[in-house]
Structure formats: structure tokens, C-alpha cells
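Undergrad: Take a look at the letters that make up each chain.
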Amino acid sequence: GGIITQTPKFLIGQEGQKLTLKCQQNFNHDTMYWYRQDSGKGLRLIYYSITENDLQKGDLSEGYDASREKKSSFSLTVTSAQKNEMAVFLCASSIGTGGSTEVFFGKGTRLTVV
Amino acid sequence: GDSVTQKQGQVTLSEDDFLFINCTYSTTTYPTLFWYVQYPGQGPQLLLKVTTANNKGISRGFEATYDKGTTSFHLQKASVQESDSAVYFCALSSNTDKVVFGTGTRLQVSP
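Chains as they are written, first to last, in the numbering used here: chain G, 1 to 114; chain X, 1 to 111.
Some hints here could point you the wrong way.
[Unchecked claim] Looking from chain X toward chain G, a few residues come up when the C-beta cut is under 8 Å (computed):
# : residue
1 : K49
2 : S93
3 : V109
It should be emphasised that the hints constitute simulated quantities derived from the structure, not laboratory data.
Glycine is no exception: its CB is placed at the ideal position from the N, C-alpha and C atoms.
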């Protein structure tokens, strides 16, 4: 089996700060995703990438940038942190994007903006 | 595009109660339907999946049935345990699009 590693596990930022979250996977999967999960809410797709150097916007891409320089890594940047923002950012990967493809998730990065 | 709807935001049960979580979906193609479970402090993980070929999935005492007529995909378990307390997401994947997740149902089981 494989694993998805997200760093850092906890991130505290200040209002207006630019923050970067990192994700590594060793499944050798082509597709990687970034989701945002707010307390008690569902999973909202921010960005996904179907291959190295590819980027596709999700439903919540405004205010974020992403980068897929290598097949195994996918980073997310919060371009300007919003005060009192609290959310968990989940990185995920899958072999492809359709059919019966299972999505594997990391444990998340918990963001708090003060 | 594809969509899934979970109207139950929270379900509260006692141990040994019957669990039923409803999910409805919309798609123009033949989907694969999933249930994911998220335990506290973890990312979601696959619980079971169902394709149009088999209509039913079973895993760890949970069962899901896919009903094409009502475009629904229910999750049920005969007797829940406190350890089943988690958030449950239904999800859909079609041949032409990425996976789509529901908003999740938080299950709280008291001893």
C-alpha cells in the first residue's frame, strides 16, 4: 500500500499572510486533489491535477494557487489568509479521475488564522 | 454535471440501533457509487463501492444498495457500535468526470 503525507499537520497564520501546504504520495497515482473541509461541512474541491504540471480549478479555487512540479507532490498556497479562518485541508490522490477509481486521502492540515 | 445529495447532517443513535443513511444522486451516465468514512483526526477512507453491475456492496457489517429507479444509494447497518461514530460521505464517479462527494452525515453512537 501507499501513503499520503501532508505537511504541516497544524498551521497558524496571520491575516493577509501567504501560506503553503505540501502533500506527497507514494502510490504513483496520476491524479491529485486538494479539498477544503470546514467544521461540520462537506468536502469542497479547490484544485486537482491529472498529471505532472497540470492544474484544474475546482469549485473553490479563488484565493488559492496550486503547483504540481512532480508526479508525487502537489502543493497548495493560500494567497492571503483571512482572519478567523479555520479549516482542514485534505490532499488526496487516485489512479485516474473516472470510473470506479478509489480516492485516497491524507490526514489533513489544520489551518487557523489569527 | 454529476451531483450527490445527503440531507441528513447528523444522526444520533444508541448502540445496537439500526442505521440508515440516505443519499440521492444525479448523473447522465452509468456511475460507480461509494461510501467513505472519516474518523476523528483522519482523512476519509473508502468503506464500500457499488457499480451498476452488482447493485450492492457489503463491508464491515455495512451494506449499501444502489437503486437506479429512485437514483438513491442508501447505507445501512443492522446494529451500530460506538466505534462506528464518524462522518459518512456518499460519492459518485462516472466515466467522464471526477469523483463528487456529498456533504456528509455525522453519526454519533452512544453506549
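Undergrad: Run every hint past the structure and note whether it holds.
TA: Against the structure, the hints come out as follows:
no.	hint	in the structure
1	K49	6 Å, holds
2	S93	6 Å, holds
3	V109	18 Å, violated
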